[in-house]
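Novice: The listed protein sequences derive, respectively, from chains Z and D. Following the working numbering, the numbering of the first sequence begins with 5 at its first residue and continues without gaps. Following the working numbering, the numbering of the second sequence begins with 5 at its first residue and continues without gaps.
Keep in mind that the hints are not guaranteed to be accurate.
Identical chains blur together in the list; that is why a pair holds if it fits in one copy or across any two.
[To be verified] Simulated crosslink set (EDC-like; lysine to aspartate or glutamate; CA at most 20 Å straight-line):
| hint | residue 1 | residue 2 |
| --- | --- | --- |
| 1 | K84 | E52 |
| 2 | K84 | E68 |
| 3 | K199 | E214 |
| 4 | K79 | D244 |
The set of hints was computed from the structure by calculation and includes no laboratory data.
Number of protein chains: 2
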Amino acid sequence: MAVPDPSSDLIQRAAVVRRAAMALGQSTDAQRQLAVVAMADALEAARESILEANRADLDAAALEGLTPALVARLKLDAAKLDAAIAGVRQVAALADPLGRRQLHTELDQGLTLERITVPLGVVGVIFEARPDAVMQIASLAIRSGNGALLKGGREASASCAAILEALRGGLAASVVSAGCLELLTSREESLGLLKLDGLVDLIIPRGSNELVRFIQDNTRIPVLGHADGICHLYVDQAADLPQALAVALDSKIQYPAACNAIETLLVHQAVAADFLALAIPAFGQAGVELRGDAAAQALGVENPATEADWGTEYSDLILAVKVVADLEGALGHIRSHGSRHTDAICTTDQATADRFLAAVDSAGVYLNCSTRFADGFRYGFGAEVGISTQTLPPRGPVGLEGLVTYRYRLRGDGHVAGDYASGARCFSHRSLPL
Amino acid sequence: MAVPDPSSDLIQRAAVVRRAAMALGQSTDAQRQLAVVAMADALEAARESILEANRADLDAAALEGLTPALVARLKLDAAKLDAAIAGVRQVAALADPLGRRQLHTELDQGLTLERITVPLGVVGVIFEARPDAVMQIASLAIRSGNGALLKGGREASASCAAILEALRGGLAASVVSAGCLELLTSREESLGLLKLDGLVDLIIPRGSNELVRFIQDNTRIPVLGHADGICHLYVDQAADLPQALAVALDSKIQYPAACNAIETLLVHQAVAADFLALAIPAFGQAGVELRGDAAAQALGVENPATEADWGTEYSDLILAVKVVADLEGALGHIRSHGSRHTDAICTTDQATADRFLAAVDSAGVYLNCSTRFADGFRYGFGAEVGISTQTLPPRGPVGLEGLVTYRYRLRGDGHVAGDYASGARCFSHRSLPL
Numbered sequence: 005m006a007v008p009d010p011s012s013d014l015i016q017r018a019a020v021v022r023r024a025a026m027a028l029g030q031s032t033d034a035q036r037q038l039a040v041v042a043m044a045d046a047l048e049a050a051r052e053s054i055l056e057a058n059r060a061d062l063d064a065a066a067l068e069g070l071t072p073a074l075v076a077r078l079k080l081d082a083a084k085l086d087a088a089i090a091g092v093r094q095v096a097a098l099a100d101p102l103g104r105r106q107l108h109t110e111l112d113q114g115l116t117l118e119r120i121t122v123p124l125g126v127v128g129v130i131f132e133a134r135p136d137a138v139m140q141i142a143s144l145a146i147r148s149g150n151g152a153l154l155k156g157g158r159e160a161s162a163s164c165a166a167i168l169e170a171l172r173g174g175l176a177a178s179v180v181s182a183g184c185l186e187l188l189t190s191r192e193e194s195l196g197l198l199k200l201d202g203l204v205d206l207i208i209p210r211g212s213n214e215l216v217r218f219i220q221d222n223t224r225i226p227v228l229g230h231a232d233g234i235c236h237l238y239v240d241q242a243a244d245l246p247q248a249l250a251v252a253l254d255s256k257i258q259y260p261a262a263c264n265a266i267e268t269l270l271v272h273q274a275v276a277a278d279f280l281a282l283a284i285p286a287f288g289q290a291g292v293e294l295r296g297d298a299a300a301q302a303l304g305v306e307n308p309a310t311e312a313d314w315g316t317e318y319s320d321l322i323l324a325v326k327v328v329a330d331l332e333g334a335l336g337h338i339r340s341h342g343s344r345h346t347d348a349i350c351t352t353d354q355a356t357a358d359r360f361l362a363a364v365d366s367a368g369v370y371l372n373c374s375t376r377f378a379d380g381f382r383y384g385f386g387a388e389v390g391i392s393t394q395t396l397p398p399r400g401p402v403g404l405e406g407l408v409t410y411r412y413r414l415r416g417d418g419h420v421a422g423d424y425a426s427g428a429r430c431f432s433h434r435s436l437p438l
Numbered sequence: 005m006a007v008p009d010p011s012s013d014l015i016q017r018a019a020v021v022r023r024a025a026m027a028l029g030q031s032t033d034a035q036r037q038l039a040v041v042a043m044a045d046a047l048e049a050a051r052e053s054i055l056e057a058n059r060a061d062l063d064a065a066a067l068e069g070l071t072p073a074l075v076a077r078l079k080l081d082a083a084k085l086d087a088a089i090a091g092v093r094q095v096a097a098l099a100d101p102l103g104r105r106q107l108h109t110e111l112d113q114g115l116t117l118e119r120i121t122v123p124l125g126v127v128g129v130i131f132e133a134r135p136d137a138v139m140q141i142a143s144l145a146i147r148s149g150n151g152a153l154l155k156g157g158r159e160a161s162a163s164c165a166a167i168l169e170a171l172r173g174g175l176a177a178s179v180v181s182a183g184c185l186e187l188l189t190s191r192e193e194s195l196g197l198l199k200l201d202g203l204v205d206l207i208i209p210r211g212s213n214e215l216v217r218f219i220q221d222n223t224r225i226p227v228l229g230h231a232d233g234i235c236h237l238y239v240d241q242a243a244d245l246p247q248a249l250a251v252a253l254d255s256k257i258q259y260p261a262a263c264n265a266i267e268t269l270l271v272h273q274a275v276a277a278d279f280l281a282l283a284i285p286a287f288g289q290a291g292v293e294l295r296g297d298a299a300a301q302a303l304g305v306e307n308p309a310t311e312a313d314w315g316t317e318y319s320d321l322i323l324a325v326k327v328v329a330d331l332e333g334a335l336g337h338i339r340s341h342g343s344r345h346t347d348a349i350c351t352t353d354q355a356t357a358d359r360f361l362a363a364v365d366s367a368g369v370y371l372n373c374s375t376r377f378a379d380g381f382r383y384g385f386g387a388e389v390g391i392s393t394q395t396l397p398p399r400g401p402v403g404l405e406g407l408v409t410y411r412y413r414l415r416g417d418g419h420v421a422g423d424y425a426s427g428a429r430c431f432s433h434r435s436l437p438l
């Protein structure tokens, strides 16, 4: 599909956000903190109208026959809204990610280099349903000094409009301009956003793998997102089997739709019979369909796994099971089929654990614990911008750090490069305290 | 232009590099250091055949009538080769960028999170001419544990083949596999490289803006490069004028083809007459053509600047000159026309300096010094992978850090997420020493 150029109206509105964001970038930590608190207060005040707007969206969804999963994501009841507002207040309380000096070097006498964290500028966020995510990401953007263009799913349009109205009202009651947040409503605007290079610095898609892939293929703007979460758990011959079973169950069933849930269980042949004797009934009781290779089927797994199963993110109560000859077999399978999201091993053997943790090239490599810990809150970041499966930083669960970049500041007193090229002066490159 | 899919031969060769790179990623600091020294030794031993191959490339270039600038970049004489080999030895001596612990947190008793630097995997590098750059980037890749697919310019094909043969020979004499470096030779391979997602983690184009833009538009793989270097120097009303002139001259003429040379000089109206009275003859003597707006022309700048001049990277001895009303006028011009590379101010007024350094949203913002300092060596990084004008990190001059990412390692003892969701256990999120 060809992506149309952004309309001049969209370009103009994005330029307004950019200007507002540049002013926001000059604000103090306290001003940004107060602005986010004002956003939370305004959401609180608009509680009834937001809930009402959400009911309107839900009514429309019922008429259109949306899937139960989508309706569940769309639904914003009082409890969910209160939790989201509490989340906004938590974002206000996060430590300031801006103005941190990451590097401080004297290049020569009187010529001093600093590297300082600064906001990205403007982020573009495209949501599918999930009106609660709008509050989260908008508050993260403001806390870190960024403007945001927000495009909610069509099915959440009334909810998003009510939320944005409240958020902008909150900003208007602070020193931060309401112009820092702008809601995009049409599909054309959402496509146009992809071509706003120079006005938008990062695109964050929050939705299906298909959405993320479409966006990655159709923009030059960097994208923070993960296209696939094909996570593995390898049960080694030296695993504590009951512990491995608990980890496997949690990794699959604690929230099967999550990207950090496992899709494939790899079991060392030496313990496959014993482990599957425990695991088959346990997964069966949990309602999980197991699909095994020939060896796993021979040990009691009922359904066969085809080649396609090793590369499928089920996001459901289905788990592929493969018996491997040894650790290298597990590593080879993960290398061929993994999505470099999060992969775990259960073993009590130190050398095996070390080899797995060093050799698996994923954003998260875990020992004797559930893959479900791959999450910004659980990592202690206080908030999560998203999870990234790209190789380059930011990788894995990304907190406020993902909305921040840096700038080099160099202060001199008439220093010119020619003096160093000619040898008249020499660099000292002396590290200074941060 | 449609980018063809990579041939199965190319995919196979890239997979070999990837496997070799994964083994390299497990090597020790000392092993990688020795490998890079072996590369330098092998270049030394192959000195004559490399110089001969370069002479063959130069002969072919003469026949084809290449531009003098391109011939200058292509030429590898004994001095340039020796300097490049010395550069490889310097890369060997750089501090190990791998295995650094960036984060260390106890999530709960017995559940410990670390963030550790690791290699990217495989980098794809596309050069125009510049055979010396091949040695630099290949040694940086090996030092940081990465494999590399290297595509030299067609005009440098004999030089690149001789260099790669030496580099691979050097690796073969070390514990690192020669398979970590692979030379691509045809245009088809260079296009195919752009579609090797999953096998290549980063593409580094070293060439013209057009090359960089073409690559950015035709790959989903992240690209480290800068598309434009439109740098500004603003001479404030409180500038030390003779110092500002020295900075302006160095910023323009020290190496006009560099991306960090200035293209536009902005002068405060209050000092425009005095400054231009000094600057016009000085730039004239240096052979620089000045192109001014109406106000600058009224003060003696001979040629007119058109709107297009403010957005042109001359890469030549041409400088656009604009008289601005005040600091805000300068900031507005830079915001509209800059490429967020490097911009400088000359002023002795602290408040003005602070405002400029805070408000200009470029990778480098400088006070009273030449924009030509925007360079990895000058910043003290010891080597430069490239300069990036993207907003996200890595930004500006990028050293070895740009070839490194990180991985989260989580070690537990049967910890499952369900216990935290149910409240049975609580996160401690206690920072541990790095």
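Novice: Work down the list of hints and note, for each, if the structure agrees.
Specialist: Checked hints:
1. K84 / E52: within (13 Å within a copy, 73 Å between copies)
2. K84 / E68: For K84 and E68, neither the intra-copy (23 Å) nor the inter-copy (70 Å) Cα distance is at most 20 Å.
3. K199 / E214: For K199 and E214, both the intra-copy (19 Å) and inter-copy (18 Å) Cα distances are at most 20 Å.
4. K79 / D244: neither (41 Å within a copy, 63 Å between copies)
In terms of the numbered hints stated before, the structure departs from hints 2 and 4, listed from lowest to highest.
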